[in-house]
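Here the protein sequences line up with chains A and B, keeping their order. Here the first sequence is numbered in this note's numbering, starting from 33 and rising by one per residue. Here the second sequence is numbered in this note's numbering, starting from 33 and rising by one per residue.
Think of the hints as simulated: they come from the structure by calculation, not from any bench. Each hint should be verified, as a subset may be incorrect.
Each pair may be met inside one copy or between any two copies, as identical chains are not told apart.
[As the list claims (entries may be wrong)] Below are the EDC-like pairs computed for lysine to aspartate or glutamate, each with C-alpha atoms no more than 20 Å apart in a straight line:
| # | residue 1 | residue 2 |
| --- | --- | --- |
| 1 | LYS109 | GLU38 |
| 2 | LYS109 | GLU141 |
| 3 | LYS109 | ASP131 |
| 4 | LYS167 | ASP145 |
| 5 | LYS61 | GLU38 |
| 6 | LYS167 | ASP98 |
| 7 | LYS167 | GLU133 |
| 8 | LYS109 | GLU133 |
| 9 | LYS61 | GLU115 |
| 10 | LYS61 | GLU133 |
All values reported here derive from a predicted model rather than from experimental measurement.
2 protein chains.
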Amino acid sequence: MSIIQELLISNAAYAASFDRSQLASPPAKRLAVVACMDARVTVEEILGLRTGDAHIIRNAGGVVTDDVIRSLIISYKLLGTREFLIINHTNCGMATFTDEELQQRMAKEHGVDASQIHFHAFGDLRENVEAQVQKIRQSPFIPQAIPVHGLIFRVEDGRLEHVVSA
Amino acid sequence: MSIIQELLISNAAYAASFDRSQLASPPAKRLAVVACMDARVTVEEILGLRTGDAHIIRNAGGVVTDDVIRSLIISYKLLGTREFLIINHTNCGMATFTDEELQQRMAKEHGVDASQIHFHAFGDLRENVEAQVQKIRQSPFIPQAIPVHGLIFRVEDGRLEHVVSA
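Chain A with its partners taken away, still in its complex shape:
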């Protein structure tokens, strides 16, 4: 069976017991989470969030890019969130390469010029979390009244470390 067939069968089972049709669009906990796309970081489970509780924004690294700022503006301005979390994690793929290396691989193996892409690879995990919180704090588009927390998820034991308090 193809992956898409398998997923659609799983979805039919999900829909058969679906009981969330009355949920409103604004997140119940007025929370937005920015996290890494990593397959091991199941954000809702890690935080005990239920469907409907929070906006979940994810990308490679859990990095505060312009696109994340765009999403956060829509989140607080149109859908009423009032608190933000940034989650990075141990053993992240983003710490295994440099932007220059990946740019060179793209040129060599695919013949495309990726030299303008900032991949946001990083070295020190804790510093990276702190830098992402700072990017939100320094954005003119995000009110200072919104608390921003920085956390590290440990893929080794499932624990969250609260490294930047709002």
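Position chain B relative to chain A; hints supplied.
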């Protein structure tokens, strides 16, 4: 209790029964999903995915921005994914405003110039899904050999509609 305290208590319970320390970084199903940040779209549950199965990329709208292309490059090039899904959903907040309206609100209510921000508000849902698939298909950075599917999640009944086949 504050939200962050509540989430950290939930995480302690998650960690106490944590059994996923042996998962590898590359997604088991070699799949990457791009979906909306909406609180009602719990991607893993909707698709029957388990922790470790897939990269999950989410932003406002489930829009293929430059940041999503960045994440997808890292996903297939460094972590071996071989199939992509785009998921938009009914009753999306992105269909309730225009970019110009939000730019004007940001200027009026926060005194900031957001006129350079492309918020990616949209009108027709199905057309938006098709446009996101096309953006991936036309990117020089994503190989044509990677199948890209477009789906609509119906928040009314939990069903996925497969609107663009790879």
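Going back to the hint list, which numbers does this structure go against? 1, 7, 10
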